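**Q** Sequence:
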Amino acid sequence: MTSALVPELMVQNAINSVKFYTKVLGFHIKYDRKAQGFYYLRREDVELMIEEVGNDVVMANETPPFGRGMHLQITVIGGLSSLYQDCHNARTPIVRDIEETWYRVGREYHGQAQFAISDPDGYVLRFAEDMGVRDTPPTSGRIVS
Numbered sequence: 035m036t037s038a039l040v041p042e043l044m045v046q047n048a049i050n051s052v053k054f055y056t057k058v059l060g061f062h063i064k065y066d067r068k069a070q071g072f073y074y075l076r077r078e079d080v081e082l083m084i085e086e087v088g089n090d091v092v093m094a095n096e097t098p099p100f101g102r103g104m105h106l107q108i109t110v111i112g113g114l115s116s117l118y119q120d121c122h123n124a125r126t127p128i129v130r131d132i133e134e135t136w137y138r139v140g141r142e143y144h145g146q147a148q149f150a151i152s153d154p155d156g157y158v159l160r161f162a163e164d165m166g167v168r169d170t171p172p173t174s175g176r177i178v179s
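Residue numbers for the sequence shown, in the working numbering: 35 to 179.
Read the hints as simulated data drawn from the structure, not as lab findings. Check before you lean on any hint, since a few could be wrong.
[Stated by the list, open to error] Listed next, with one range per pair, are the computed distances between beta-carbon atoms:
no.	residue 1	residue 2	range
1	V178	I63	17 to 23 angstroms
2	A69	D164	24 to 30 angstroms
3	R138	N47	36 to 42 angstroms
4	Y65	G140	19 to 25 angstroms
[Said to hold, decoys possible] The calculated DSS-like cross-link candidates involving lysine-lysine, where the alpha carbons are at most 27 angstroms apart (straight line), are:
no.	residue 1	residue 2
5	K53	K68
6	K68	K57
7	K53	K64
Small disclaimer: the values here were computed from a predicted structure and weren't measured. In this text, a Cβ means the ideal position worked out from N, Cα and C, and glycines have one as well.
Input sequences plus hints: build the corresponding full structure.
**A** Spelled out as structure tokens, the structure:
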């Protein structure tokens, strides 16, 4: 079964992007159409598509970096610290270091540990791990009210 929303990221070099997503970020190839430069990737419950520009693809802006303005949050279940270390070891551009963040939603605060990176085409990926919900304002971490 396919997710209700599966982002398709246009990339300059599909092979390099797939290596990054599989070797560093832990995705695997669900299926591909290599001649088209297309790869359908999956990690836990997250699915995304990667397609190389130049294959009759419609884009609003064909000037790199393609990821301008795109920010995807990817929830992970356990292993956030080791994923952060993998990104650091691979010299992945870290956009936001690992942190504890609490987001106010109505009268509650939803917490997550998170960090953000930039992929080879400029897409910002924020990896987050759930820290639960609080009824009272937190006393630590970054608080987004």
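**Q** Against this structure, judge whether each hint is valid.
**A** For each hint, the structure was consulted:
A beta carbon spacing of about 35 angstroms between V178 and I63 contradicts the range 17 to 23 angstroms that was offered as a hint. Checking the proposed 24 to 30 angstroms range against A69 and D164 shows it is violated: the Cβ atoms sit about 40 angstroms from each other. The supplied range of 36 to 42 angstroms is met by R138 and N47, whose beta-carbon atoms lie about 40 angstroms from each other. Range check, Y65 to G140: about 41 angstroms between beta-carbon atoms, so the 19 to 25 angstroms window is missed.
In summary, the hint linking K53 to K68 is supported, as the alpha carbons are separated by about 13 angstroms, within the 27 angstroms threshold. Taken as a hint, the K68 and K57 pair is honoured in the structure, with Cα atoms around 18 angstroms apart against an allowance of 27 angstroms. Of the supplied pair hints, the one linking K53 and K64 holds, its CA atoms being roughly 14 angstroms apart against a limit of 27 angstroms.
Comparing the model with each numbered hint stated earlier shows that hints 1, 2 and 4 do not hold.
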